[in-house]
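Chains as they are written, first to last, in this note's numbering: chain R, 1 to 165; chain A, 1 to 778; chain C, 1 to 152.
Any given hint might turn out to be false.
Claimed, not checked - Quick list of in silico lysine to any residue cross-link-like pairs, SDA-like style, CA-CA up to 20 angstroms:
#1 LYS10/A <-> LYS131/R
#2 LYS88/C <-> ASP689/A
#3 LYS55/C <-> GLU554/A
#4 LYS477/A <-> GLU503/A
#5 LYS57/C <-> THR127/C
#6 LYS50/C <-> ASP41/R
#7 LYS55/C <-> ALA122/A
#8 LYS22/A <-> PRO68/R
#9 LYS22/A <-> GLN44/R
#10 LYS57/C <-> ALA603/A
#11 LYS2/C <-> LEU75/C
#12 LYS766/A <-> ASP689/A
#13 LYS55/C <-> THR61/R
#14 LYS10/A <-> SER43/R
#15 LYS568/A <-> LEU527/A
#16 LYS22/A <-> THR61/R
#17 LYS131/R <-> CYS701/A
#18 LYS50/C <-> ASP53/A
#19 LYS131/R <-> GLY10/R
#20 LYS88/C <-> ASP135/A
#21 LYS7/A <-> THR74/R
#22 LYS7/A <-> GLU503/A
#23 LYS57/C <-> ALA132/C
#24 LYS275/A <-> LYS477/A
#25 LYS22/A <-> THR81/R
#26 LYS22/A <-> LYS131/R
#27 LYS130/C <-> ALA108/C
#28 LYS55/C <-> HIS85/R
#29 LYS10/A <-> LEU84/R
#30 LYS50/C <-> MET133/A
#31 LYS57/C <-> ARG17/A
#32 LYS585/A <-> GLU613/A
#33 LYS131/R <-> LYS7/A
#34 LYS93/R <-> ARG17/A
#35 LYS93/R <-> THR74/R
#36 LYS22/A <-> ASP83/R
#37 LYS88/C <-> CYS701/A
#38 LYS2/C <-> THR286/A
Just so you know, these hints were derived from the structure itself, not from any lab.
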Amino acid sequence: MSEITLRINGKQRRVTVEGRTLLVDLIRDQMNLTGTHVGCDTSQCGACVVKLDGDTVKSCTVLTATLPEGTEITTIEGVSTGDLHPMQEAFSKCHGLQCGFCTPGLVVTAIDIVERSPDGLSASQVRKALKGNLCRCTGYQNIVASVLEGARAMGVQVTEEKETV
Amino acid sequence: MKDTPEKPFKGRLEDRRFLTGKGRYVADITLARQCYMGQVLSTHAHARILSVDTSEAETMPGVIAVLTGADCAADGLGTVPPFFMPSLWGGPEGYATQRKILVDDRVRCVGERIAIVIAETADDARVAAETIMVDYAPLPVVTDARAATEADAPKLWDDNENGNISVSIPMGDKAATEAAFADAEVTIKRRLLSPRIAPFSLEPRVSVGNYDEADDRYTLYTSSQDPHGVRSNIARNVLKIAESRLRVVSPDVGGGFGLKAHMHPEDALVLWASKHVGRPVKWLGTRSECMLTDTQGRGQEIEVEIAATKAGKLTAIRAEAWTNLGAYFWGTATPPLFFAMQLIPNIYDVGAVDLTNHAVFTNLPPMSVYRGAGRPEATYLAERMMDELAAELGMDQAEIRKINAIAPDAMPYTTATGMTYDSGAFADMIDAAARVSDWSGYDARAEESRAKGRVRGRSLISYVEVAGVMNERMEIKFEPDGTVTIVAGTHSHGQGHATVFSEMVADWLSVPVENIRYVQGDTDKVLIGRGTFAARSSMLGGTALLRAKDALIERAKLMAAILLEADKDSLDFADGMFKVRDSNKAIALTEVAKMYYIPAGPANALGLGLTGEGTSAGKPGAAPNYPNGTMVCEVEVDPRTGALTVDRLAALDDVGRILNSTICEGQIHGGIAQGMGQALMEEMVFDEDGQLTSGSLMDYCLPRAEHMPDIASELSEVTCTTNPLGVKGIGESGAIGAPVAIVNAVLDAVRPLGVAHIDMPVTQAKLWSALRDAEAAQ
Amino acid sequence: MKLEGTFTVDRPRDEVWQVLNDAEVLRDAIPGCTALEPTDDGYEATVQLKVGPVKAKFSGTVTIKEATAPDLLVLAGEGNGGVAGFAKGEARVVLLDAPGGTEVAYEAEVSIGGKLAQLGSRLIASTSRKLADHFFTRLNEIMSGEQQREAS
Ligand code: FES
Ligand code: FES
């Protein structure tokens, strides 16, 4: 057991964790933030992606006790307050979600992809950048469209309007 | 309705909850005093259980109880039969298994549940389960369905008089088929395989059970597509209690695809365990646990022979299939057995057929429905063989299909397998698909590929789906304040029913969508319903909803007549108003509705409350619908490495009247991705001992964004005549067409290099060896 | 599944034969072995193993089916690791004179089940190779240790 102070969605939280407590379990079970999901046990689905000090991570691979004091964590619940984030709007408008299980991880990942591409983004870049996220419902078509739409709304230029058909 | 620039898709009503992390899946439910269940699963595919030693587990930290099959027997728990057998669909009687929810005598596949541990935390439960030692006496194993029919094969069910065959379903006309073969100018024979694959909803299965002693009543929260079906099954068969003593709730469900169309043993186990320990019990399936214990889809071997004329006209098909049921006849395994045969004629006038499907027990985990449920197997056969015929005769892929397609003026048309298509413009669909996909621009693209040292191949395939099974019930009710609640018997887990059904009702009743609440998935709130699977909800749910609306308007009319002091038959309902014909007297429906809730006054004579209910029925018994479509695919293969890219994929779908085109297309995209997984990468691999060796995402490959081409999808509206809405189902089409579209395109690319046959999944390694073998043979 | 390999131990054949039949040495050399007791026709043993993501304690028996000193040893074994699965198989171990010592060649036919198969199949070959490496390295160490002891 150890104690650690984290900033989760902007709020300072002092938590007690065991050596084996995964970040995803802390988020879901202790913080009651159930928007972060668990879809696998081999770190391959991306349903659990959160932002950790500016980087996206699969929270099922992080041992909470190893985090530095004061680590900043943003989950899907912290992506927007009140109005939706433009990326969330884009997912809705482009029908980038069906059952919604992959959605939190995808939205967090998508915002990060756009933030890392200030010089523009293309559909094929998005497809590559989504390699860590599984979706079993949408066939990715509308997810890619959503990320590009979100990029536009976030002021990033979309360089390749349509993939070659 | 089709999205237009004036009325674009604006998102779904349910989106916000999911986008903000507020979705409520079963794993998110935490009940006070809840504890956790861990399981001991069989490590042998076939063995007698000699003993189960739980002594160490009982002393482990956090452990509350350890239960085994012996405890099940002591408590008098019942066993689970199949949801229904083929005889209910007009097939022969077969051998139906009874499955114990905890096995105490003989395991017949890996992953059978043998014991459960209830503990304070999920970890405690899992750790303690690991200390339970089961002593097995291994028995011989058979994993292959066809091998299991051999006389000396190990037998799964001792009292099955038919060896390992549960049932053999025949279809067609043997004599006519033989006659056609006798006259055939061309015959082609093939052996085709559709390996077992995993439905793999991204949300793993999960259940929470709670027994309330005060009410002597159980509540189950489970990730299910059919809560009422789960309730009936557990109450009747396992717990043997009145159905009213069990409430089943399926809140948000993270994908189903057929996996969640029936109960799983854990659903019953958490309820039983909850009564034992006097606390709510939660089971969270881990992915590897689910890979092992989930029902799987497909699993068919088929020998097929076609007869045709030199002009390319099919005259007969005969085929014998072996479907791998696994250890039990479980869940909804019946429909795929039928659909895999019934849809073989596809869009074609095939002449005579003689088909048999053997449903065979083996030591694999049970098979049940997976998106498509038999239809992909049928379509795979029809379209693989159509391309074989085209290749044999040197004909164009589109041309040969048009020669064989059923003409629109032949509708309604009854196929050789007894399906009556009500509508469909198949040859037009082929032409349109060719247009959508730039069929004629192919040569230039093939040349480009050649310049890069690659070979290009293409396919054009058609498919028919049969949608709309069983019956359904919907309810529309006005609340006292004039807002509306839809109580749906169907179950949406991604299909967007909350949006589509609410929009329909908003439109019919002229109430704002914001004033409509959508309720589903709770047996205490929904009187009865069938849930959602087999692309049934738009037709059956939609039709029932329409009838509920009609019933509601009829009842409202009685009140409107009183309020308007007019004769009921002189009232018309339009734009949310009741109007007296040839007069300017009118009253809004919402005002009428409110009058049904006032506590006193003359209107009270009509009773309390304004609701309408409607029901509908589909196959068997009433007409289903036949969505259909054409898919065009182009692939590029690197002949040196076997590397393969699906470069272009276009789908043209006839979905009947369109309720929401964006949602329809979303369903098609998702189905295509699953079909692509089946074609190229997915396979549940078992070794000869029946051990699963592809039991995690490290070994089971799923399509990711970068594998998928940009899909060109178009919808065509050929109004369905079998239901008042004119709709057809859409949920499965993509998954039906895509596997064969992709495999045919691959074969088209490599046939000139000498590869005449390849089986799914067409992995790079498999394609590479096929290319090397062909090279060596030349 | 077939596993095979050869190792060279820099001691004469007789000596190698002896240690391969010495419970004490085996207990020390088998990676993860926490108990090993001789029985009438072999051994009873407990071994802690990790194959990929699967960690388990296997308890089982080894039966000596054939022993022709100092050339050939045929062993049959099975181990039960509870929910983690099981392993069983047969191994032929052949000892040959080699320059500077003894060549030990083994051939085994192994089948595995449960979680071990589900999650570890892919890793079994490489893991057993590693375990065998460990075993023979340790054997070498033990034997040269004894040699030093004898010399001193
Ligand atoms: S839960 Fe699948 S990657 Fe974390
Ligand atoms: S929307 Fe269901 S998994 Fe992506």
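Starting from LYS275/A, check that the Cα of LYS477/A is at most 20 angstroms away, please.
-> At roughly 36 angstroms apart (the allowed maximum being 20 angstroms), LYS477/A and LYS275/A break the hint.
Going straight from one Cα to the other, do LYS766/A and ASP689/A come out at no more than 20 angstroms?
-> violated (23 angstroms)
Keeping to a limit of 20 angstroms between CA atoms, is the pair of LYS7/A and THR74/R held or broken?
-> violated (35 angstroms)
Take the C-alpha atoms of LYS57/C and ARG17/A, compute the straight-line distance between them, and say whether it is at most 20 angstroms.
-> violated (45 angstroms)
Compare the distance between the alpha carbons of LYS88/C and ASP135/A with 20 angstroms, and conclude whether the hinted pair is satisfied.
-> holds (14 angstroms)
Distance restraint between LYS57/C and ALA603/A, which requires alpha-carbon spacing of 20 angstroms or less = Not satisfied, since the Cα-Cα distance of roughly 77 angstroms exceeds 20 angstroms.
Given pair status - LEU527/A, LYS568/A, alpha carbons within 20 angstroms = violated (30 angstroms)
Decide if the proposed pair is consistent with the structure: LYS10/A and LEU84/R, CA atoms, cutoff 20 angstroms inclusive.
-> holds (14 angstroms)
Is the Cα-Cα distance between LYS131/R and GLY10/R 20 angstroms or less?
-> violated (28 angstroms)
Proposed proximity, ASP53/A with LYS50/C (alpha carbon, max 20 angstroms) | violated (23 angstroms)
For the pair supplied as a hint, LYS93/R and ARG17/A, confirm whether the alpha-carbon distance does not exceed 20 angstroms.
-> Within the cut-off at roughly 14 angstroms; holds.
Is LYS22/A close enough to PRO68/R, meaning Cα to Cα at most 20 angstroms?
-> violated (29 angstroms)
In summary, the structure is inconsistent with hints 1, 3, 8, 9, 10, 12, 14, 15, 16, 18, 19, 21, 24, 26, 28, 31, 32, 33, 35, 37 and 38 from the numbered list given earlier, while agreeing with the others.
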